[in-house]
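Start from chain S and add chain A according to the hints.
If you read the protein sequences in the order shown, they are chains S and A. Heads up: the first sequence begins at 1 in the working numbering, then just goes up one per residue. Heads up: the second sequence begins at 1001 in the working numbering, then just goes up one per residue.
Just so you know, the hints here were simulated from the structure itself, not pulled from any lab data. Every residue, glycine too, gets a C-beta built ideally from N, C-alpha and C. Do not rely on the hints blindly, as some may be mistaken.
Coverage of chain A stretches by chain S, computed from C-beta distances (three or more under 8 Å per stretch; other residues unrestricted) [what the hints assert, rightly or not]: (1) 1018-1031; (2) 1106-1113; (3) 1156-1167.
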Amino acid sequence: MLLLVSFIILFLFLYQKKRLSQELKMQKVEAEYKDELIVATVDIQESERKRIALDLHDNIGSLLSVIRLKMYQLNKNTSNPALQESYRETTDMLDDMLETTRTFSRELMSPTLEDFGLAHALENLCTRIHADGIMHTSIQIVGTYRRQPLKTELNIFRIAQELLNNILKHANATEIKLLLVCSDRLELQIEDNGKGFIKNEKTPTSGLGLKSIETRLHLLKASLEYIPNLKKGTKVVIRVPLQE
Amino acid sequence: MMKPVKVIIADDHPLFRKGLVTTLQEFKNLNIVNEAGDGKELLTVLAKTPCDVILLDLKMPLLDGISAAPLILERFPKVKIIVLTMLDEEQFIMHLIKIGVHGYLLKNAEPEIVVHTIEEVMEHGTYFDQKTVQIMHKGLIKKQHGSVSLSSRVHFSERDMEVLNLLCKDFSTDEIAKKLCISPRTVEYYRTKLMEKTDSKNITGVVAYAFKHNLVEL
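Next comes chain S alone, as it looks inside the complex:
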């Protein structure tokens, strides 16, 4: 009898143990699958962006340039002052369209990031915000930036883009300061002098943006810290470990 009881107990114990280990295994597989899914989603998103950026740049941009050339030829064959005037107007509009196309294309995929790396791309991003006259924007790079795999650079760049967009949209700030500290890891600080960030405040757009930031932080194994300023504004610090 005792033998039977202990046998049953042993059996139950082993069974439980096996089930537990199987469950753990399942959880691990699930987590891995989830990570793969995140990577795939981000990859698809980025390749789509790149495709659209290329289409804008190559097709629309080039076609606009072709139209500009055709207009030039038409203008050459006329001595009508009214037509010449409208030629000038049309080319001005075409130049505006080209500029807009460039801007869209650049937002989707920064050519500087691909060819010259994160530090230059961030520098350009700041120059553009500054040049638009919206906000005084500056960037300082401490240390020597060494290029990282494009995916790493892209993820950091997207986080910076998202955070800057949030500041532009919601913060009511007049100044943004970026600081990229390069050492054994990368540290990106983005500081503004706006009304500050309230954690529970969630507009639909910022919700989506924050989700994207979270995903990319996860992929980078990076951390993000909000440091509300006592006087005014917010500082966000992102720390990214680098692979050897």
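Chain A in isolation, oriented as in the chain S frame:
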């Protein structure tokens, strides 16, 4: 009368290429001798068609203009390269000038400016139109004023930063040593290193540097 300048156009967009050929052919001092749709084709074309000037697009399939330019300069040192692109970022302009291209134009430049650039390059070796010079100028000014300091050679390791942080919080050498579980002598070493790196005579200079560059927070 001078012999017409022999030009090859390299651009992956056939419509743009044709449009440019048609437009430029009307200028008597130019002779469009050939075309190419990518960098690889351009190298083949160059080997059999002698030319004076290449109008080179940057974003092309197979071999892009950025990679093709140094190859061309090496293999055909007499040929002049004028970049003709949509890309107006200062990094591209600077990079290509460093490689050694002779001119840089944006695709919406007036055909007269394209022709003028070709003439100037043929006569004086290089030429950059006002738009390109403006972009370069902005980039250089920005760097000089320090709002962007890419060339700063200061490199801080993680330990450097830890020590720096504690120095700014007014911790003594012994206290820092205890906090970071290292010997006071090692802390001394980092202090000296930080003074060297920030070009300061004493710790006050280091701390001032750290605050000026927002390296620490209190």
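Checked against the structure, which of the hints given earlier come out wrong? No hint contradicted; all consistent.
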